[in-house]
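Chains as they are written, first to last, in our numbering: chain A, 1 to 305; chain B, 1 to 372.
Derived from the structure by calculation, the hints contain no laboratory data. Just so it is clear, CB atoms sit at the ideal spot from N, CA and C, and this is done for glycine as well. Keep in mind that a hint or two might mislead.
[Said to hold, decoys possible] Straight line, CA to CA, 30 angstroms or less: simulated BS3-like cross-link-like pairs of lysine-lysine:
#1 B:Lys-24 - B:Lys-49
#2 B:Lys-109 - B:Lys-49
#3 B:Lys-104 - A:Lys-127
#4 A:Lys-107 - B:Lys-109
#5 A:Lys-74 - B:Lys-49
[What the hints assert, rightly or not] Covered, in the sense of this in silico footprint (three residues per stretch, anywhere, with C-beta under 8 angstroms from a C-beta of chain B), are these stretches of chain A:
#6 48-55
#7 72-83
#8 86-94
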Amino acid sequence: MIQLEHLTKEYNGVRAVDDLTTAIPDGEIFGLLGPNGAGKSTTILMLVGLIEPTEGRCLINGLDVARDPITVRKQIGYMPEDVGFYPTLTAAENLTYFGRLYSMDEKILTGKITGLLEQVGLEGVTKTVGGYSKGMRQRLGLAKALLNNPSVIILDEPTANLDPQGVADYRRIIRDVAKNGTTVVVSSHILEEISKVSTSVGILAAGRLVAQGSWQDLAGGLTDRSALQITIRVETLDPMPPIAHPDIVSAEYDRDRCEAVIVARSDIRDAVASTLAGQGIRLRGLAREGRSLEETFLSYYQVAG
Amino acid sequence: MKMAASRLMTIAKKEFFDHIRSRKFLLIFGILLVVAIVGMIGGIADYNKNVDDYNKHQSTIDSPLSSYMPEKPSILSVFSAVATYLVFVGGILGIAMGFDLVSKEKESKSLKILLSHPVYRDEVINGKALGGIAAVGCALLIVLVIALATLLVYGIVPDGNELILILIFGLVSFLLIFSYFAVALFLSTALDESGSALIYTMIIFIALSALVPTLANNTVTEFVIGSQPELPQELVDQMQQSANSSEVAGVTVTFSNKGNNVNNGAWDAFTEKMQAYWEKRQMVHDTLALFSPTMNYESVTTAITKEYSGTAMVLGGSGSTSVVSSFNVASGEDAGIDGILATITANLIALLLFPAAFFGLAYLWFMRLDVR
């Protein structure tokens, strides 16, 4: 469980994070979404205890990060955006060093490292980290974040340098750990990345949390800014019957062309298809138009900005 | 507590092995070894020659022509040449070990990862210092062991007191290297780039090794205490007239004018003024020297190896005085370990305080370091 209470951070009088309050339950994959400079990294640095909040506090599993950083850090796994390791050491040596800082038993640590390197696709790589590509370093970063069996994992732009296979591996690993009750916070400015992996999302803009909830909640709350336009074409000689659905904002029926254009708060195409099928009307086309998901979320940033 | 010690030792151990495996450390350590061995061999040759001269002089001690009584050469004089090299190479070694200790981690972004672990910041900076100290200690221990082995190979066996002095020599050499290591560590903590840290540390090294000694010997002392007293014209005239003018040889200084036809009262007044001037000058010099690890190191090693240090006056042909070289007010007697320790206590304390101050600054800076 992660709780942020009125979390605020100022740099030279400028608020990078402004009065952030939220709670992330156990087992959630929480996507922290926002454009560059929105305050995502600053929020994460406060969560990890690398910088102190100007006001407010972060609680992880009920512990104040600023007051009890050692206990908190034992429970978290963190991967920063530009993940850095000791270039003269191998992946296993780097992980061994960090594992010792967790005071892990040497035998358990060795076994854990072997398993993690296999999991992230770095098994058998014997060269030192100095010779790694950015993607390999990011894979190692993910392994490091999982090293201490954390109850909270915090990942800052975790797929920035990964190849498609790496991204797929990362998503699989993250979903697996979340299934076991681990809370995951993923920060990214890439909407697709957040949408593919997270179970809930918080939108950060200009240091403020402008929206938070499940994808459905957020889409529901978007109203006109996020309205979807659904074009329905049917095969019928009769006038097209009106379609009823609570998410419909407006509907225009062109009876001559057997076509309807519906503006809805959510993607109701399945409901439309079922209704028409129930009335024995064959569909010729059912297309969703309007703003893309990215455009929709962009409107949040614009409103906040 | 046990956990904290374990984390500290984990960091220190990594730092230690990073140092001793790094090319720059091995390269400079190799140079240090070579110059130490070369210095030892040269020093041993000089020592043997001095022992021969001493023995020869002993055999002619009853001669009425013998008015000069040389001191018995000390084994420690062998270390004099080593100290000459060590003061430079040791400083460079300390800088090489410290200049990128924190900045490299900032550059490689590993500091953020490291500090996200269950470690306190003071454990990180203390661990880094401890690892550095251990590496410097090992390097010097090897140098000392090789130096002692070289002595034994040449059939020179130090006695107990000499061994103690050799250990003190090792200790001050360690403090010298650690001093510049601490300066480099501080700048590595304060600056974001290793290149900048190296340049600024080198500037400080040059300032403390070359600029401060120059200022201490000339500019500042002249500014603080004024120029030295001139020999009164009356005495100059008398000395020129005197057939038996003052004899100046080497660094031997004599203000004695017995047997000369000069005005005793005027001469005594002049020597008194001159003595007071040089005492003041020495005080200013010694005070400034305390701020330079290089000068402190030279003072201590000079005292240990019984070289002549300080500032000597020589009466020139015209009767004017001029600074010619370092000197030590040689008592002509062996001061013993207690005497040497009394002479070097201030320098030793300064050599302890200097790295402590810079390490303290590095510590404070690191504790408040903005990790973004």
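**Asked** Which numbered hints turn out to be false for this structure?
**Response** 1, 2, 5
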